[in-house]
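Go by the hints and put chain B onto chain A.
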Amino acid sequence: MLREKDMNEAIELKISLPKIPDIELVALEGLQRLASYLGISEDKIGEARILATEAIINALEHAGAKEVPVDVVLTMTKKKLVIFVRDYGKGFEPDNVEEPIIEKKLGTNKKRGWGLKLMKTMSDDIIIESGQDGTKITLIKNLA
Amino acid sequence: MNNDFKLKSELVNDSLVMKASGYVNNVGGETIVKEFEKHFNNGTTNVIIDLADSKVVNSIGISYLLEIIEKLMEKKGKLIFTNLDSAIDKSFSIMGIFHFAEKAPSVDAALKMME
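So the sequences go chain by chain: A and B.
Position 61 of the first sequence, counted from 1, bears residue number 61 in this note's numbering, the numbering being contiguous throughout.
Position 82 of the second sequence, counted from 1, bears residue number 82 in this note's numbering, the numbering being contiguous throughout.
Please note that a few of the clues may not be correct.
[Claimed, not checked] Quick list of simulated restraints, FRET-style, between CB atoms:
1) B:E10 x A:E12: 44 to 52 angstroms
2) A:I11 x B:H99: 39 to 47 angstroms
3) B:F98 x A:D124: 17 to 25 angstroms
4) B:G77 x A:D125: 37 to 45 angstroms
5) B:S106 x A:I140: 31 to 39 angstroms
6) A:D125 x B:S86: 14 to 22 angstroms
7) A:T121 x B:E115: 20 to 28 angstroms
8) A:N142 x B:P105: 48 to 56 angstroms
9) A:K80 x B:S86: 40 to 48 angstroms
10) B:S106 x A:E12: 48 to 56 angstroms
[Stated by the list, open to error] Example chain A residues on the side facing chain B (calculated, C-beta under 10 angstroms, incomplete):
11) I20
12) E24
13) A48
14) R49
15) V73
16) N96
17) V97
18) I102
19) K111
20) G113
[Unchecked claim] Derived BS3-like pairs (lysine-lysine); straight-line CA-CA distance at most 27 angstroms:
21) A:K19 x B:K6
22) B:K8 x A:K104
23) B:K6 x A:K78
24) B:K19 x A:K44
25) A:K14 x A:K66
26) B:K90 x A:K80
27) B:K55 x A:K105
28) B:K112 x A:K136
29) A:K117 x B:K55
30) B:K76 x A:K110
31) A:K117 x B:K71
32) B:K103 x A:K44
33) A:K110 x A:K78
34) B:K103 x A:K80
35) B:K112 x A:K110
36) B:K112 x A:K105
37) B:K71 x A:K110
38) B:K75 x A:K110
39) B:K55 x A:K110
40) B:K90 x B:K8
Calculated directly from the structure, the hints in this document are not laboratory data.
Idealized CB from N, CA, C, for every residue including glycine.
Here chain A stands alone, though its shape is the one from the complex:
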């Protein structure tokens, strides 16, 4: 049985993901186990799963050299999850990313590009730091 003190302390999972197909599932497995350890129910981590997935696939896509991994840190308490994802690609300017609109996507070959919108809408806070040495995305999701 976990003590109250333990339940309120943050637990952290750090992983370095190589660019191989579906590697984001490793982080999702970790997320699931952290939540299970803290007694957080499945319905509360559904959106967190989507946030982690989108942040990681976005990073993997823009990570630059194939041999350079994407770093992920998941920090969880019973009340809050912080997802930190870092790539070492060439960076991007978040303000220059056009907001996707489904009506404009239909009938074109450019149907992708939803990750940032999903992250912004589903998270309780998002911090993007991007430059020539890569991008760091921090997503905060309240779980309480």
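Showing chain B alone in chain A's frame:
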């Protein structure tokens, strides 16, 4: 967490029912579209996609499903998603998918909506 993607499909009362299981990523999305196209080319325009066993999706996989919406719009067809996990439901809402598709709590309910 078993996320290997699998797809089963059957025709029920002229509706194509596709039951996906596992991770709907680019491979999963493409698999769904290919299965849809086989039936669409034979005249099927009522489509149900059941995601009861798909708890993990990504936006690339969902983007593929926009191709189904496009083709069904041309033929005035209907697309209904069933058994959506609440987070996936929210993703679809954010993307605006429910402007062009419907949702139902079960395949049976969706089949009634097709009548």
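Hint numbers not upheld by this structure, sorted from lowest to highest
7, 8, 9, 10, 11, 15, 16, 17, 22, 23, 28, 33, 34, 35 and 36
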